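**Q** Chains as they are written, first to last, in the working numbering: chain A, 1 to 190; chain B, 1 to 190.
Hints are computed from structural coordinates only; laboratory data are not their basis. Values in this document were obtained by computation on a predicted structure and should not be read as measured data. Some clues are possibly wrong.
[Stated by the list, open to error] BS3-like cross-link-like pairs, simulated, lysine-lysine; straight-line CA separation at most 30 Å:
{"hint": "1", "chain 1": "A", "residue 1": "Lys82", "chain 2": "B", "residue 2": "Lys45"}
{"hint": "2", "chain 1": "A", "residue 1": "Lys90", "chain 2": "B", "residue 2": "Lys51"}
{"hint": "3", "chain 1": "B", "residue 1": "Lys102", "chain 2": "A", "residue 2": "Lys102"}
{"hint": "4", "chain 1": "B", "residue 1": "Lys6", "chain 2": "A", "residue 2": "Lys102"}
{"hint": "5", "chain 1": "B", "residue 1": "Lys90", "chain 2": "A", "residue 2": "Lys180"}
{"hint": "6", "chain 1": "B", "residue 1": "Lys90", "chain 2": "A", "residue 2": "Lys44"}
{"hint": "7", "chain 1": "B", "residue 1": "Lys51", "chain 2": "B", "residue 2": "Lys102"}
{"hint": "8", "chain 1": "A", "residue 1": "Lys82", "chain 2": "B", "residue 2": "Lys102"}
{"hint": "9", "chain 1": "A", "residue 1": "Lys6", "chain 2": "A", "residue 2": "Lys90"}
{"hint": "10", "chain 1": "A", "residue 1": "Lys90", "chain 2": "B", "residue 2": "Lys44"}
{"hint": "11", "chain 1": "B", "residue 1": "Lys44", "chain 2": "A", "residue 2": "Lys45"}
{"hint": "12", "chain 1": "B", "residue 1": "Lys7", "chain 2": "B", "residue 2": "Lys102"}
{"hint": "13", "chain 1": "B", "residue 1": "Lys90", "chain 2": "A", "residue 2": "Lys90"}
{"hint": "14", "chain 1": "B", "residue 1": "Lys130", "chain 2": "A", "residue 2": "Lys169"}
{"hint": "15", "chain 1": "B", "residue 1": "Lys130", "chain 2": "A", "residue 2": "Lys90"}
{"hint": "16", "chain 1": "B", "residue 1": "Lys82", "chain 2": "A", "residue 2": "Lys22"}
[Unchecked claim] Footprint (simulated), chain A over chain B, 3 or more residues, beta carbon under 8 Å:
{"hint": "17", "stretch": "40-51"}
{"hint": "18", "stretch": "139-148"}
{"hint": "19", "stretch": "154-168"}
Where a beta carbon is used, it is the ideal one built from N, C-alpha and C, also for glycine.
2 protein chains.
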Amino acid sequence: MVELLKKRIITDGQIIGNDIVKVDSFINHQVDPVLLREIALEIKKRFAQDKITKVLTIEASGIAIAAFVAYELGVPFVFAKKYNAKNLDKSVYESEVFSFTKQTTYSIRVATNYINENDNVLVVDDFLAKGGAINGLIDIVNQAGAKVAGCAIVIEKSFQGGGDEFRAKGYKIESLARVKSIENGTIEFL
Amino acid sequence: MVELLKKRIITDGQIIGNDIVKVDSFINHQVDPVLLREIALEIKKRFAQDKITKVLTIEASGIAIAAFVAYELGVPFVFAKKYNAKNLDKSVYESEVFSFTKQTTYSIRVATNYINENDNVLVVDDFLAKGGAINGLIDIVNQAGAKVAGCAIVIEKSFQGGGDEFRAKGYKIESLARVKSIENGTIEFL
């Protein structure tokens with residue numbers, strides 16, 4: 001499955017400079033649900049022994065992945081909301097995320113109703129680069145007094161260091177495709 | 001399936017005033033993927049003869065529904081992006097949406113690469129009230145020269161009239177739960 005994903009990234013990904021690979025044609029904007037379900041089955045395999053009770057992701061591009069993963073694990077998922085969404089419960093966990101890609105800080109929120117101290121949470125996202133979003137999601141799990149079972153990522157840009165920082169802190173980080181480098185229009189995987 | 005959904009809305013939905021039913025605990029923020037897959041199977045049934053080539057939705061709460069629907073139909077899905085997302089292709093279809101709930105106008109965008117004149121598009125969303133979001137999505141399909149096969153909606157607030165406006169224009173609108181009224185904390189379905 002992982003080889004299939006890497007091939008797809010090479011074939012359909014769009015490289016911009018030395019640090020961006022766009023996967024807008026099959027993951028991030030247009031989405032191939034068959035590929036996503038394959039990704040979910042692989043993630044399920046890697047966390048099969050971890051007694052996950054909930055999947056947590058962040059809008060928008062994490063949602064479809066989290067949906068298939070949660071379905072396969074037989075648990076609900078929650079997506080953290082960006083921006084100041086109205087109609088959200090007043091009682092929320094909140095964290096700040098700095099996006100290196102967009103060079104902005106935004107806040108993410110999860111209503112306190114949906115994660116509690118009995119939860120063992122699998123954090124899911126499409127990309128892991130410096131780790132800003134994952135850091136915010138882990139912060140929210142901690143605020144809830146829940147346990148972080150680990151993080152499942154579709155594409156890790158290993159050269160940006162976020163993944164290894166979390167591993168050094170003892171988190172189980174499972175990234176399906178780990179990008180070692182993007183140079184002269186060529187992408188290399190670990 | 002539809003009766004199951006209606007029961008779930010009555011049990012777990014949260015009524016606010018006479019026009020809002022919040023489904024944050026199972027559709028909109030925390031999500032029950034088993035229910036969503038059941039919803040997708042029902043939508044598939046209703047559009048089985050329509051030769052859909054693509055599913056189109058809008059971030060964020062439409063994404064999980066669209067993912068399961070697209071998987072069941074065996075086609076890709078595209079989610080329109082709100083706000084001024086960076087990294088989006090410069091060549092986009094764009095439409096304006098007025099949200100009555102939030103009393104704001106926002107723009108939605110789809111890269112021109114992902115819908116074309118050969119597509120027969122199923123528009124999917126969680127709610128249909130006045131029809132602002134659906135109107136924007138239909139506009140984008142029209143800009144692409146593609147065909148609107150119809151719209152699949154989880155919850156239609158029929159008393160706000162959007163659904164019947166589209167039906168009067170000849171669109172096939174399939175809403176699984178149609179809310180006739182919300183009064184004194186009680187929700188009634190058509």
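**Q** Of the hints stated earlier, which fail here?
**A** Those not satisfied are hints 1, 2, 4, 6, 7, 9, 10, 13, 14, 17, 18 and 19.
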